[in-house]
Amino acid sequence: MATLYCLKQDKNHFIKVGTELLRAYQIDPTIPLKFGCCEGKCGVCVIKVVKGEENLSKRTRQENETLEIKNFDPTYRLACQCAILGDVTIDV
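Take 11 as the starting number for the sequence shown in this note's numbering and just add one per residue.
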């Protein structure tokens, strides 16, 4: 299990390693995430990775394009495009 710590809630969520964040939210809707298109295009699910960027799956091409178009800095990710591989701290 990996720990997803959400600063906004000051709460840990325990997620099976390899689980996509969209799936984690479907299992535990108390995780403070929002989703739109779920295809990495709209940017609704943007999260700021405070700690543990290396513990998320690699960025997809679509994610890189969307974050660039929307002018997000490299500490941001799209939750619909990430899987958790280890402990991560996020801010939403």
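Rather than coming from a laboratory, the hints here were simulated on the basis of the structure. Misleading hints may appear alongside valid ones.
Label pairs and their computed distance ranges (CB to CB) [claimed, not checked]:
1) N81 / C47: 31 to 37 Å
2) R71 / D20: 23 to 29 Å
3) E63 / Q19: 16 to 22 Å
4) K51 / D20: 30 to 36 Å
5) Q72 / G96: 19 to 25 Å
6) I37 / E78: 26 to 32 Å
7) K26 / N81: 30 to 36 Å
Heads up, simulated BS3-like pairs for lysine-lysine below, C-alpha to C-alpha not over 30 Å straight-line [to be verified]:
8) K58 / K21
9) K51 / K68
10) K26 / K51
11) K18 / K51
12) K51 / K61
13) K26 / K58
14) K44 / K58
15) K58 / K68
By construction, the Cβ of each residue, glycine as well, lies at the ideal position given by its N, Cα and C atoms.
Report task. Could you work out which earlier hints the structure fails to respect and list their numbers in ascending sequence? Result -> Hint check: 1, 2 fail, others pass.
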